[in-house]
Amino acid sequence: MSDVAVIGAGVAGLAVATELVAGGAKVDVYDPAGPPGPHGCSWWAGGMLAPWCEFENAEEPVLRLGQKAIEWWASKTEITRKGTLVVASARDLPDLRRFARRTEAYYEVAREDIAQLEPDLSRFGKGLHFEQEAHLDPRKALQDLYRGLVDNKVTFHRQLAPPRLPLSVDCRGLHARDTLHDLRGVKGEMLIIRCPDVILTRPIRLLHPRMPLYIVPRGDGIYMLGATMIESEDSSRITARSMLELLSAAYALNPAFGEAEVLEIGVDLRPAFADNLPRIRRLGRTVYANGLYRHGYLLAPALAQGVADLVLENKYSEMVDEDRA
Amino acid sequence: MRTFYGTELANPLMLGTAQYPSPAILEQAFRESGAAVATVSLRREGGAGQTFWQMIQDLGVNILPNTAGCHTVKETVTTAHMAREVFDTRWIKLELIGHTDSLQPDVFQLVEAARILTEDGFQVFPYTTDDLVVGEHLLEAGCEVLMPWGAPIGSGRGLNNEYALRAMRSEFPDTPLVVDAGIGRPSHAAHAMELGYDAVLLNTAVARAGEPPMMAKAMALAVEAGRLAFEADPIEARDMAEASTPVIGKAFLS
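So the sequences go chain by chain: S and G. Be aware that the first sequence starts at 1, since it is given in the numbering used here, and climbs by one per residue. Be aware that the second sequence starts at 1, since it is given in the numbering used here, and climbs by one per residue.
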């Protein structure tokens, strides 16, 4: 069976390695930064498995391929299946109607239903419940993939991949733009806050005219609050304005968030191609798997499957856009 | 035809470049509509948006950088200078917001910023209200284009005050006028052109439509229809029917 080197230990690299191992390959993973951690942008993700909601502003493959991700992750890590609740402030109700028109697989909820689903959101009178959606804790998910690979005799090398490997899969995200010149970075900013006073049990999206604003429960009163989308490639720090917008969204959901502690601030760049959809590209002996954009956890399983199909069976999935082997 | 600082536009549609599902869809929207001007923001990107800006430049249309997100003269002037460096153009869409909820321009600071930038050699496209006196001050400050709002940015309400927009057109017969902001549907865009406006600038109506390229095309057809209608000198509305064939001579006893 073939030996494959996977370069990069973020969500893409780990998912690819997992699928390659499942297909019988012997896999080595190279990442000079070591096992999954804050150096990778998937560390900062929301961890929503929300293909129906994402379809509001994404293309069809996100909806179709993303649905398969829920079962894939359920077999690898702990996921919570409580759906997503989408709400809007009274002045943004036209946005809620638009969101409903652009999506499917939800039911409309009124004040009583919202009070039942999430008693701490009682100030909202209208919303949409996307029942089939799920969420996970991205850091735990990365850890679980990592352990699963180690258990399957995958070696992690804390170093750059050696040159002239017979076969490698490059999952370096934005670092791969040294070769993939059509990759760009899209800045995202997020916060992790602790607020035991507010109890939310599922991801909540608050419709906002400029960004998909959401809050994802991580347990123990900890919440992830995300995420801006800025066409900028400077990931050095969060801006005051972004922080204000994120925190005022939380405050709008429930003013008790005003007392939250800010635990972490995350800023990173999402690797994206022009259509914001992922790609698999074979150039010589390297297969590039990249461009997960804001859909790291949602589309990594399909991307990984596509890589395994190409590498192990020479089968072309829809994500393969170039083959110059 | 009125020109924009000497540039004649092949198509009176100006499109913003924010909020599209992806740069690829943005590009399709420009291709489908033939829009001749792309507005681009720089303030929030903070100098690190080169890859995206290059994509906008590759559209091959006139670039109109804007100062969206600015609230003071100082910020606006700094952003304009950055825009001139990044896009190598003297054009600047001056957007200076004075009110958070309506995003209404602060017209007092606007006039001041327009004067400073014109003196610096910029060709200023001011986003303003439909106030005639403000328009006069902007022209006096050196602007050769005025861009009154139709309605608040992103509201999609169309032309809130048709009377004021008509008044502007007749008050400034030689100045290129653009309805900027508030357009939600092609009928709004056609309406603006029927009033004799020279162009329409919009973003949200296309970017947030279910099918942005299709809506962009609809807008392009609408501005074309509106312009032709204006040039064709439409009939006046009247209270009673005016039969297009005379009734006299008909066998009205039958």
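Possibly wrong hints are sitting among the right ones.
[As the list claims (entries may be wrong)] Computed list of chain S residues with no C-beta within reach of chain G, every gap over 12 Å:
| # | residue |
| --- | --- |
| 1 | V21 |
| 2 | N57 |
| 3 | K68 |
| 4 | R98 |
| 5 | E112 |
| 6 | D113 |
| 7 | Q116 |
| 8 | Q143 |
| 9 | D182 |
| 10 | G185 |
| 11 | V186 |
| 12 | I222 |
| 13 | S232 |
| 14 | A272 |
[Claimed, not checked] Simulated restraints, written as ranges between beta carbons of each label pair:
| # | chain 1 | residue 1 | chain 2 | residue 2 | range |
| --- | --- | --- | --- | --- | --- |
| 15 | S | E71 | G | A24 | 23 to 33 Å |
| 16 | S | Y107 | G | E119 | 56 to 66 Å |
| 17 | G | M214 | S | H181 | 57 to 67 Å |
Bear in mind the hints are in silico, worked out from the structure with no lab data behind them. Beta carbons are placed, not taken as given, at the ideal position from N, Cα and C, and that holds for glycine.
Is the nearest CB of chain G more than 12 Å from the CB of V186 (chain S)? Violated, since 8 Å does not exceed 12 Å.
Is the nearest CB of chain G more than 12 Å from the CB of E112 (chain S)? 30 Å, holds
Given as non-interface: S232 (chain S), which should sit over 12 Å from chain G by C-beta: 4 Å, violated
If we take the beta carbon of Q143 (chain S), is the closest beta carbon in chain G still more than 12 Å away? Its Cβ never comes within 12 Å of chain G, the nearest being 31 Å, so this holds.
At 12 Å, judged by beta carbons, does I222 (chain S) keep clear of chain G as stated? Holds, since 28 Å exceeds 12 Å.
Can the suggested window of 23 to 33 Å be confirmed for the beta-carbon pair E71 (chain S) and A24 (chain G)? 29 Å, holds
Per the stated criterion, does the least C-beta distance between A272 (chain S) and chain G lie above 12 Å, as a non-interface residue requires? 8 Å, violated
Least C-beta distance from G185 (chain S) to chain G larger than 12 Å: 7 Å, violated
Was K68 (chain S) rightly flagged as not at the interface, with every chain G Cβ beyond 12 Å? Its Cβ never comes within 12 Å of chain G, the nearest being 21 Å, so this holds.
In terms of Cβ atoms, is chain G entirely out of 12 Å range of D113 (chain S)? Given a closest Cβ separation of 27 Å, the condition holds.
Can you tell me whether the CB distance of Y107 (chain S) to E119 (chain G) sits inside 56 to 66 Å? For E119 (chain G) against Y107 (chain S), whose Cβ atoms are near 59 Å apart, the range 56 to 66 Å holds.
D182 (chain S): least C-beta distance to chain G exceeds 12 Å? Violated, because the least Cβ-Cβ distance between D182 (chain S) and chain G comes to about 9 Å, which does not exceed 12 Å.
In this structure, the hints that do not hold are numbers 2, 4, 9, 10, 11, 13, 14 and 17, in rising order.
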